[in-house]
Amino acid sequence: MRGPHLNQGKFAPAALAGILLLARTAFPQTSPDPPGLPLILPLKLELSQCLSPFGGRSLLVTDRFHLAAEGKSLSLQFSSRAPSLFEGKQFAILPSGYRLAGISLRRQAVSLSAFRSVGTDSGAARQHKAETVAFLGIETARAPLGARIGAYFLRATAPAQHLADGAGAARGAQMGLEVAADLRRGLELKSEWSRSFRDSLAPQPGRAQPDAWYLTLTSRESIVDAALTVRIRGGGFINPTVSLRPDAIRMINAALQRKFKGHHLVYSSQLNSWGAGFGARTGPPRAHRESISWSYTFRRLPRIAAAKSWLAEKNQNGFETEEILTLSAGKRWKPVQFDIGYVEADRSNSLLPERMMSRTGSLADAVIDLPWNQRLEIHGERILLRTGRNPDLLRTDRLDIRTRLTTPGGVVLAPSVDFRSLGCPHAHSHHSFLDVTLSAQIRMPRRLAGVDLHLLFSNRRRLSNPGSHPSSTEFAVRWSFKKG
Numbered sequence: 133m134r135g136p137h138l139n140q141g142k143f144a145p146a147a148l149a150g151i152l153l154l155a156r157t158a159f160p161q162t163s164p165d166p167p168g169l170p171l172i173l174p175l176k177l178e179l180s181q182c183l184s185p186f187g188g189r190s191l192l193v194t195d196r197f198h199l200a201a202e203g204k205s206l207s208l209q210f211s212s213r214a215p216s217l218f219e220g221k222q223f224a225i226l227p228s229g230y231r232l233a234g235i236s237l238r239r240q241a242v243s244l245s246a247f248r249s250v251g252t253d254s255g256a257a258r259q260h261k262a263e264t265v266a267f268l269g270i271e272t273a274r275a276p277l278g279a280r281i282g283a284y285f286l287r288a289t290a291p292a293q294h295l296a297d298g299a300g301a302a303r304g305a306q307m308g309l310e311v312a313a314d315l316r317r318g319l320e321l322k323s324e325w326s327r328s329f330r331d332s333l334a335p336q337p338g339r340a341q342p343d344a345w346y347l348t349l350t351s352r353e354s355i356v357d358a359a360l361t362v363r364i365r366g367g368g369f370i371n372p373t374v375s376l377r378p379d380a381i382r383m384i385n386a387a388l389q390r391k392f393k394g395h396h397l398v399y400s401s402q403l404n405s406w407g408a409g410f411g412a413r414t415g416p417p418r419a420h421r422e423s424i425s426w427s428y429t430f431r432r433l434p435r436i437a438a439a440k441s442w443l444a445e446k447n448q449n450g451f452e453t454e455e456i457l458t459l460s461a462g463k464r465w466k467p468v469q470f471d472i473g474y475v476e477a478d479r480s481n482s483l484l485p486e487r488m489m490s491r492t493g494s495l496a497d498a499v500i501d502l503p504w505n506q507r508l509e510i511h512g513e514r515i516l517l518r519t520g521r522n523p524d525l526l527r528t529d530r531l532d533i534r535t536r537l538t539t540p541g542g543v544v545l546a547p548s549v550d551f552r553s554l555g556c557p558h559a560h561s562h563h564s565f566l567d568v569t570l571s572a573q574i575r576m577p578r579r580l581a582g583v584d585l586h587l588l589f590s591n592r593r594r595l596s597n598p599g600s601h602p603s604s605t606e607f608a609v610r611w612s613f614k615k616g
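The sequence shown begins at 133 in my numbering and counts up by one.
Quick caveat, the hints were computed from the structure, so don't treat them as lab data.
Heads up, some of the hints might be wrong.
[To be verified] Derived lysine-lysine pairs resembling DSS-like cross-links, with alpha carbons at most 30 Å apart:
| # | residue 1 | residue 2 |
| --- | --- | --- |
| 1 | K204 | K176 |
| 2 | K391 | K440 |
| 3 | K466 | K204 |
| 4 | K440 | K463 |
| 5 | K204 | K322 |
| 6 | K615 | K204 |
| 7 | K466 | K393 |
| 8 | K176 | K614 |
| 9 | K393 | K463 |
| 10 | K440 | K393 |
| 11 | K391 | K463 |
| 12 | K176 | K615 |
| 13 | K391 | K322 |
| 14 | K446 | K391 |
[To be verified] Estimated spans, in silico, between C-beta atoms of each pair:
| # | residue 1 | residue 2 | range |
| --- | --- | --- | --- |
| 15 | T453 | L388 | 19 to 29 Å |
| 16 | V468 | F285 | 24 to 34 Å |
| 17 | T194 | T605 | 21 to 31 Å |
| 18 | M488 | A438 | 44 to 54 Å |
| 19 | A275 | G394 | 41 to 51 Å |
| 20 | G542 | A461 | 31 to 41 Å |
| 21 | S561 | T350 | 16 to 26 Å |
| 22 | E476 | E219 | 21 to 31 Å |
| 23 | L315 | R527 | 45 to 55 Å |
In this text, a Cβ means the ideal position worked out from N, Cα and C, and glycines have one as well.
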């Protein structure tokens, strides 16, 4: 039996070398190898590490690594990220922190990808994560009506401590089918269906559906651009890579937009319904949100915009409604661009005689172009909040200043200052904080091509009553290497 502390990362380079040797035998080249070159596939290497002496995690942490031997039809990799065929799936989610060994084959219009985890990073959190993960996917672009069809199978095993505790799943799997097609000019369809299979030591609900379905339909080249999205997930559907059980959800979202003669009109409607299972006597919680926005761009005068949104939500606390009104205006006069806005929101509950919350706010943004392609960004806001019958008014202020400077030596500096204030004027309560951040990106000499160095320094300090909350400082050095 393999021990729980076995370092599987040492075995990965040997396994990758064996896969390279087998691939050379199984997939011979159509053209002879050039003399003196024993490898048939060019190597690519990408590595990013972070040194954080003040952080709570390990001193040196590998953020990203990718070692691959890629050719026209064959790709072998040992990496921290899954192959491209795994991306874009709506229900297949892989937590970060895995070391993956994979292979990808491409033959004309058919693509095949497979990977298996061979360990986890020491600095990554392992809570709710599977011990090992394996994936197999196939995709073809030559289907009827020019559609792209794909299928995948995901397998995961639970950590040893879950089996010892007698709770959770012993193993699990997930399979899915996806279809994407251009039905006609400007009309796109994408759909995905997935089902989970879970062998569990804990009792499961008898009628929970283990299926999930996703559909999006988009029309772009018409008088009105439209998009429709439908997502349905049963209460029995579980991602096998994690031991969490999400609630069942049904979501329908529709959006329309139209542009004409400087006007831009957008309307959206979204209906959500979620819960442990549908069909209960009291009904699952649900929410309905609608929004409409309009903007007009003048030739000489500032651009103006207005938006209004409504939210109706039913939950265990009753029936709640919320209305939000947003007004904004902006204009660019070189070298300055400014935007101002006003926000007003009210939220109420059917069980309460007064409003739950009332919020008003004003915002301002300015972007100033400096000489030599430099930039200065300024953001300011003030929010006034009143809750229930409380007569006290809560006020929050924020001022954020950021800039980006490039020195003659090629060093890019990005300092920022963020000041925040929170207080209640009538109760004489006030708290203020100041965050100072400085990041520097250093361009390495040509003899070290592919190497980037990034320094980050941040300090957070409480200005009001600083003795009760000490300041926090963070310093990190991140370097990355990319070759091939």
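Outcome of the hint check:
1. K204 - K176: holds (14 Å)
2. K391 - K440: holds (18 Å)
3. K466 - K204: Since the Cα atoms of K466 and K204 sit roughly 48 Å apart, the hinted pair is violated (cutoff 30 Å).
4. K440 - K463: holds (22 Å)
5. K204 - K322: Since the Cα atoms of K204 and K322 sit roughly 28 Å apart, the hinted pair holds (cutoff 30 Å).
6. K615 - K204: Given pair K615, K204 holds - Cα atoms ~18 Å apart, limit 30 Å.
7. K466 - K393: Measuring from Cα to Cα gives roughly 24 Å; hence the hint holds.
8. K176 - K614: holds (8 Å)
9. K393 - K463: Roughly 18 Å separates the two Cα atoms, so the pair holds.
10. K440 - K393: holds (22 Å)
11. K391 - K463: Cα-Cα ~19 Å, so holds.
12. K176 - K615: Within the cut-off at roughly 6 Å; holds.
13. K391 - K322: holds (25 Å)
14. K446 - K391: violated (35 Å)
15. T453 - L388: 19 to 29 Å: holds (23 Å)
16. V468 - F285: 24 to 34 Å: violated (56 Å)
17. T194 - T605: 21 to 31 Å: Distance hint for T194, T605 holds at roughly 24 Å.
18. M488 - A438: 44 to 54 Å: violated (25 Å)
19. A275 - G394: 41 to 51 Å: holds (42 Å)
20. G542 - A461: 31 to 41 Å: Between G542 and A461, where Cβ atoms are some 39 Å apart, the hint holds.
21. S561 - T350: 16 to 26 Å: The hint (16 to 26 Å, Cβ to Cβ) is violated, given that S561 and T350 are roughly 50 Å apart.
22. E476 - E219: 21 to 31 Å: Because 40 Å falls outside the window, the suggested range is violated.
23. L315 - R527: 45 to 55 Å: With a Cβ separation near 53 Å, L315 and R527 satisfy 45 to 55 Å, so the hint holds.
In summary, the structure is inconsistent with hints 3, 14, 16, 18, 21 and 22 from the numbered list given earlier, while agreeing with the others.
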